[in-house]
Amino acid sequence: MRYADFTPYDIVLLLQGLGVTLALFIGTTLIGLTIGLLLAVVHHYRVPGCRPVIVLVTEALKNSPVLVQLFLVFFGIPAFLHIRMTPVEAATLTISLNTAAFAFVVFRSGIESVDRDQIEAAEVFGLGRSQILRLVIAPQAAAFSVGPLVGILVNQLQVTSLISVIGVFDLTKIGNILNLRTLQPFIVWAVIGLIYYLAAKTLAHAGGRIEAALRRSVKWGGI
Amino acid sequence: MIVAENVEKRFGDALVLKRVNLRVEPGEVVTILGASGSGKSTLIRCINGLEALTGGRITVDGHDVSTKAGLVAARRASATVFQLFNLYPHMTALGNITLAPIEVLKLPKAEAEARARALLDKVGLGAQADAYPQQLSGGQRQRVGICRALAMQPRYLLLDEVTSALDPEMTGDVLRILAELAADGTTMVFVTHEIEFARHISSRIVFLEQGELIVDLPTAAFFAEDGGLAVPRIRQFLSKMKKD
Amino acid sequence: MRFWRVIEPYIGFLLQGFALTIAACLLAIAGAVLLGALTASMRSSGNRLVRGAANAYGDVFRNVPFLVQLFFFFYGLPELGIYIGAFETGVIAMSIAGGAFVSDVILSGILTVDAGVIDAAKVSGLSRVKIFTRVVLPIALRVSVRPMGSVLINLVLTSSILSTITVNELTGAAKIVAATTFKPFEVYAVLLVLYASLTTLLSFAISAVHRRLNRFMTGG
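Chains as they are written, first to last, in the numbering used here: chain P, 5 to 227; chain X, 59 to 302; chain R, 705 to 924.
There could be a bad hint or two in this list.
[To be verified] EDC-like mimics (lysine to aspartate or glutamate), calculated; alpha carbons at most 20 Å apart, straight line:
| # | chain 1 | residue 1 | chain 2 | residue 2 |
| --- | --- | --- | --- | --- |
| 1 | R | Lys826 | X | Asp122 |
| 2 | X | Lys180 | X | Glu161 |
| 3 | R | Lys834 | X | Glu161 |
| 4 | X | Lys180 | X | Asp231 |
| 5 | X | Lys126 | X | Asp179 |
| 6 | X | Lys76 | X | Glu109 |
| 7 | X | Lys76 | X | Glu283 |
| 8 | X | Lys126 | R | Asp823 |
| 9 | X | Lys180 | X | Asp119 |
| 10 | X | Lys300 | X | Glu238 |
| 11 | R | Lys834 | R | Asp818 |
| 12 | R | Lys826 | X | Glu219 |
| 13 | P | Lys205 | R | Asp808 |
| 14 | P | Lys205 | R | Asp763 |
| 15 | X | Lys167 | X | Glu227 |
| 16 | X | Lys76 | X | Glu267 |
| 17 | R | Lys826 | X | Glu161 |
| 18 | R | Lys826 | X | Glu254 |
Note that these hints are calculated values from the structure, not bench results. Since we're looking at a predicted model, the values are computed, not measured.
This is chain P alone, in the form it adopts within the complex (with noise of 0.2 Å):
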């Protein structure tokens, strides 16, 4: 019996793990973001042999195992380059490369989602290329994309379960420890389970709300 009983001392455990997923999610989040954002300007600008380069590497994100992306870079990337890399690390880069690879398409069907119409109509009117970006195409664009990135966002934070196979300890990782010393698989999945339901539930909620707010503002934009 010494192994199998739950102590107080494993909410703090679960509170930490939860922590480390969130801190990676929102980490990740950010960076993948940002790196999104700037692959989909770059796309957008035409820029000389970037095209097809940002498409090919982003296909290949979306449409292999983000398992096997963490193993090519926590086991591939040290033994090959000789350097050494954290689990942390290794699970901050590889998430934010794969969730930059969503959001790109994302980003990019936003920017197309923006009338060539009305880019004219701006052009006409004078506007020079950073401010037609940031006062035309940006805020439609925003609007058109928060709907899709919350899904992928939702996603993502269950992608992050994955970190644990490589020895990160976030919630997952935290699930197996308990799994293992209380020998109560149903109740442990079923917390973390738990959990992780929560988190996603309030994010879509948090995601829809922001929606609303865009939506609101871009329509009072066009009166």
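Let chain P serve as the given structure and place chains X and R on it in line with the hints.
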């Protein structure tokens, strides 16, 4: 014989049919006239059991359509042609026509197809047997719809505004076919806005006004000054239709 | 080429893993379609309890990481006295997770079928079963090809996670090769390209099937 007795149909608070009585004898062509929203299409949809009655009774050859077995028998005896064709989009013209004969009448496939091809020839679509609905014009689709109904060899043909969605020239094609059917003695219940055509082929005309069947007369009497035209609402309706 | 030199001796072994991946995905998509169809019919049921249960299933299994679901079954089932292999557990978990997505696909497919077309089938005297199998389902499946294809592609990607419960499918086999050769970069790079090619090929195939089946349909 189709018999509707005191038929009532409610959608929520709206009373769409009020105590409607109607008899259609074999060999008759009965046209139902009335303004939009007068309940004409609903009456057809009650006869073929697509809408459940909220009062009264409808029988087709004695089969009560509100009972399960009665509805099966009533649907076997009748066939419906729809305003918007409602063809099966994933089947060719031939597939549309043969589905029910094969599945319901249990005809052998070859026989069902031979019958379907004969019908398509008759309506001038012999070459379109293997075309999908998307590849056909509106008028052609409606002719397929008529063939699909006729393939069931129904005793009663129910026609729900079958030309309303068609261009005038296509309307002519479809009406010619219906005139031939009427001349062959096919029993029809016909909801339409084509007054002149109705006058030409109908044996009787009934008029629905806000869910009430206010006039039921032989065609000649309906258009007589001392008959249907004596009813102000009908005179108004007919003159409005002529203008349109 | 260095990548090929690393992989070559293990091609047979990796192919075995690949076969296991394919088997898992085929079984799982079959299971997911069965469960998804059942759930979709439950979600369109008139009974609130049935509808609620089906909705809850979809909601839960779409919002909990697959890895957690997999561990739940892998460690949990033996506790219930159900001893099945890791592969079978993986297939069951994939079917259940996939079914949550497939039910959405089927439900929206059924909802696209024009009510008038169903009316036509009803008045022609076809039985409820025949209306469903000959009219509703064929139309719904045609519009569902693409979204169903996305579910299948996601299952292929998800199947790599079975390597965490000792199933030596493609990723599991690659892990062993990487550990044996001490060449993880080469092995995982090849693996990534393999998965990406496989899913890209699949999506081409799905598009072709979609075009073929929807040649003559509206919006096809």
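Against the structure, the hints:
1. For the hint linking lysine 826/R to aspartate 122/X, the alpha-carbon distance of about 17 Å falls within 20 Å, and the restraint holds.
2. A hinted pair counts as satisfied when its Cα atoms are at most 20 Å apart, and lysine 180/X with glutamate 161/X does not qualify at roughly 23 Å.
3. Of the supplied pair hints, the one linking lysine 834/R and glutamate 161/X holds, its CA atoms being roughly 8 Å apart against a limit of 20 Å.
4. Among the hinted pairs, lysine 180/X with aspartate 231/X is consistent with the structure: their alpha-carbon atoms are about 12 Å apart, no more than 20 Å.
5. With a C-alpha separation of about 36 Å, the suggested pair lysine 126/X and aspartate 179/X falls outside the 20 Å cut-off, and the hint is violated.
6. Restraint check for lysine 76/X and glutamate 109/X: satisfied, since their Cα atoms lie roughly 15 Å apart, inside the 20 Å limit.
7. At roughly 27 Å between alpha-carbon atoms, lysine 76/X and glutamate 283/X are farther apart than 20 Å, so this suggested pair is violated.
8. Note on lysine 126/X and aspartate 823/R: the hinted pairing holds, with a Cα-Cα distance of about 16 Å set against a maximum of 20 Å.
9. Distance check on the hinted pair: lysine 180/X and aspartate 119/X sit about 28 Å apart at the alpha-carbon level, beyond 20 Å; violated.
10. Taking the CA atoms of lysine 300/X and glutamate 238/X, the gap is about 24 Å. The hint is violated against a cut of 20 Å.
11. Restraint check for lysine 834/R and aspartate 818/R: the C-alpha separation of about 16 Å stays at or below 20 Å, so the hint holds.
12. This hinted pair checks out: lysine 826/R and glutamate 219/X have alpha carbons roughly 19 Å apart, not beyond 20 Å.
13. Only pairs whose Cα atoms come within 20 Å are accepted, and lysine 205/P paired with aspartate 808/R is accepted, the gap being roughly 18 Å.
14. Taking the CA atoms of lysine 205/P and aspartate 763/R, the gap is about 10 Å. The hint holds against a cut of 20 Å.
15. Between lysine 167/X and glutamate 227/X the CA atoms are separated by roughly 34 Å; this puts the pair beyond 20 Å, and the hint is violated.
16. A distance of roughly 10 Å separates the Cα atoms of lysine 76/X and glutamate 267/X; the hinted pair therefore holds under the 20 Å criterion.
17. Restraint check: the Cα-Cα separation between lysine 826/R and glutamate 161/X comes to about 12 Å, which is no more than 20 Å; the hinted pair holds.
18. With a C-alpha separation of about 32 Å, the suggested pairing of lysine 826/R with glutamate 254/X is violated against the 20 Å cut-off.
When held up to the earlier numbered hints, the structure conflicts with 2, 5, 7, 9, 10, 15, 18 and fits the remainder.
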